[in-house]
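**Student:** Under the UniProt record's numbering, the residue at position 297 of the sequence shown is numbered 297, and the numbers go up by one with no gaps.
Keep in mind that the hints were calculated from the coordinates and are not lab data. Be careful, since some hints might not be right.
[Said to hold, decoys possible] Once the Cα atoms are required to be at most 30 Å apart in a straight line, the calculated DSBU-like pairs of lysine-lysine come out as:
#: 1; residue 1: K223; residue 2: K236
#: 2; residue 1: K115; residue 2: K125
#: 3; residue 1: K368; residue 2: K334
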Amino acid sequence: MTDSCSARPPLVAVIGAGPAGLMAAEALAQAGAMVEVFDAMPSVGRKFLLAGVGGMNITHSEPYPAFVGRYGERRDALDALLRDFDGQALRQWIHGLGIETFIGTSGRVFPTDMKAAPLLRAWLKRLREAGVVIHTRHRWLGWTAEGALRIGYPQGERHVHAQAMVLALGGGSWARLGSDGAWVPVLAERAVDISPLRPSNCGFEVEGWSELLKAKFAGAPLKNIALSVPGSVPRKGEFILTAQGVEGSLVYAWSAPLRASLEREGRATLLLDLLPDRPVDKIAQALAKPRGSRSMARHLQGQLGIDGVKAALLRELTDPATFVDPQRLAEAIKALPIELLRTRPLDEAISSAGGVRFEALDDGLMLKALPGVFCAGEMLDWEAPTGGYLLTACFASGLRAGRAAAQWVAELQPASTNP
1 MTDSCSARPP LVAVIGAGPA GLMAAEALAQ AGAMVEVFDA MPSVGRKFLL
51 AGVGGMNITH SEPYPAFVGR YGERRDALDA LLRDFDGQAL RQWIHGLGIE
101 TFIGTSGRVF PTDMKAAPLL RAWLKRLREA GVVIHTRHRW LGWTAEGALR
151 IGYPQGERHV HAQAMVLALG GGSWARLGSD GAWVPVLAER AVDISPLRPS
201 NCGFEVEGWS ELLKAKFAGA PLKNIALSVP GSVPRKGEFI LTAQGVEGSL
251 VYAWSAPLRA SLEREGRATL LLDLLPDRPV DKIAQALAKP RGSRSMARHL
301 QGQLGIDGVK AALLRELTDP ATFVDPQRLA EAIKALPIEL LRTRPLDEAI
351 SSAGGVRFEA LDDGLMLKAL PGVFCAGEML DWEAPTGGYL LTACFASGLR
401 AGRAAAQWVA ELQPASTNP
């Protein structure tokens, strides 16, 4: 970072105008810093707005121990951030913008009108009133030899001299909304420790469904089912059969262990329970009843209510001998293995795993290799399922980075104001 020795408040640049970047900007402005936000896209918060289509799930209301447990291997790192700004604090912050919230039946928290746009508009208004300047179509390109920020914009390139900067550039999913991972080689060149970006909350591909299954059921939802990975407790919900494999909220919930299995062993298995509320012995008894001249498909429908896409998938994934044996078919209904070959591409994923490792950061999320440079949001090496956990952690990390950057520049001031 380059110096600034006037009486003006210190300039801090925030790169990225998603939730993490805007929260960092708010924290900096509250601390008295002069803040300019730079975003490569034509408008701010694009991924935030798209995530709100169909209902803006802002956080989750479950008890804190369960909440923080959703962050898996990075639980401890996220706990340190969420202690300052958890789901309840986020709700109170939203209420401060004049937006009311409610808790849905699943425990997820939504704005009362279910929309992201009014929340973003109110927030941007407050930021502008606090003096935050936002530049769109301004892409960060790295640093000059003298340490200034290189910012590309429609008219060319400008160099910005800031005493500190907060990077909130997102991960590698949904490049068309700005999260393209272009920052990875820029930071890697500066010896920043970065875990490769991989898909999270993503769909998975199978070796290949039959043409009949694809033609009739691609895009069909499977509801009132449960999914698990071997050795785990099944989770109830729903998912979608795709032409390539499977996707949907319940698949996304298992994406981290499935991806880990693929990386480790080159394969992964998802276990489908088509009747999670019925024990295997009761299913076997129902199937063992005489079916007369009825086909097994009709028998399944009549005795167990299994038809449509469920029946088709059961037929697809069982051999002929299993399909006519009541006990073996009952066991298949309770644990139907779906063999997965790979994740769908990173750019299709809802979020990404990997990023700047916490070991490369201090407690204020400042890069140890680049003093004065702070990181926040999805570009950090953590992941979480959908359900409000992603956004909450982005807000919390943005707040931590913004406050730490403000403290950093404040501590520089005595030296910078000397003649």
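**Student:** Of all the hints numbered above, which does this structure not satisfy? Sort the numbers upward.
**Tutor:** Violated hint: only 3; rest satisfied.
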